[in-house]
Amino acid sequence: MKKILTYFCSVLMIAFTASCMSKTAASSEKTSDITGKTWELTELNGQPIKLKNPSAVPHFFA
7 MKKILTYFCS
17 VLMIAFTASC
27 MSKTAASSEK
37 TSDITGKTWE
47 LTELNGQPIK
57 LKNPSAVPHF
67 FA
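With the numbering used here applied, the sequence shown corresponds to residues 7 to 68, in that order.
Possibly wrong hints are sitting among the right ones.
[To be verified] Here are the in silico distance ranges between beta carbons for each label pair:
id : residue 1 : residue 2 : range
1  : MET19     : PRO64     : 50 to 56 Å
2  : PHE22     : PRO60     : 53 to 59 Å
3  : ILE40     : LEU18     : 34 to 40 Å
4  : MET27     : LEU50     : 37 to 43 Å
5  : GLY42     : ALA62     : 21 to 27 Å
6  : SER16     : ALA68     : 40 to 46 Å
7  : SER38     : LYS8      : 51 to 57 Å
8  : THR41     : VAL63     : 19 to 25 Å
9  : GLY52     : ALA24     : 39 to 45 Å
Bear in mind the hints are in silico, worked out from the structure with no lab data behind them. Where a beta carbon is used, it is the ideal one built from N, C-alpha and C, also for glycine.
Taking the hints into account, I'd like the entire structure generated from these sequences.
Shown next as structure tokens:
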């Protein structure tokens, strides 16, 4: 009985450890990175922005 319990606990710990491993490295390769780009504000609350000076579009770098 002790051997079965030890085996079950070992399998449970291995499964728990494997589920906690980071998966962000693999998934980040598949998605496009948003950093290193310039973003321009084109709409606010679903409405297009109206600028007094159209050449001065608000933007930020990520």
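Hints and how they fare:
Between MET19 and PRO64 the beta carbons are some 52 Å apart, a value that agrees with the proposed interval 50 to 56 Å. For PHE22 paired with PRO60, a C-beta distance near 57 Å keeps the hint of 53 to 59 Å intact. Range check, ILE40 to LEU18: Cβ separation about 38 Å, and the 34 to 40 Å hint holds. In this structure, MET27 and LEU50 meet the distance hint of 37 to 43 Å, their C-beta atoms being roughly 40 Å apart.
Hint check: GLY42 to ALA62, Cβ distance near 23 Å, so the stated range 21 to 27 Å holds. Distance hint for SER16 and ALA68: a CB-CB separation of about 45 Å, consistent with the stated range 40 to 46 Å. Between SER38 and LYS8 the Cβ separation comes to about 53 Å, which falls inside the hinted range of 51 to 57 Å. For the hinted restraint 19 to 25 Å between THR41 and VAL63, the CB-CB distance of approximately 20 Å keeps it satisfied.
The given range of 39 to 45 Å is respected by GLY52 and ALA24, whose C-beta atoms sit roughly 43 Å from each other.
When the structure is compared with the earlier hints, no violation turns up for any of them.
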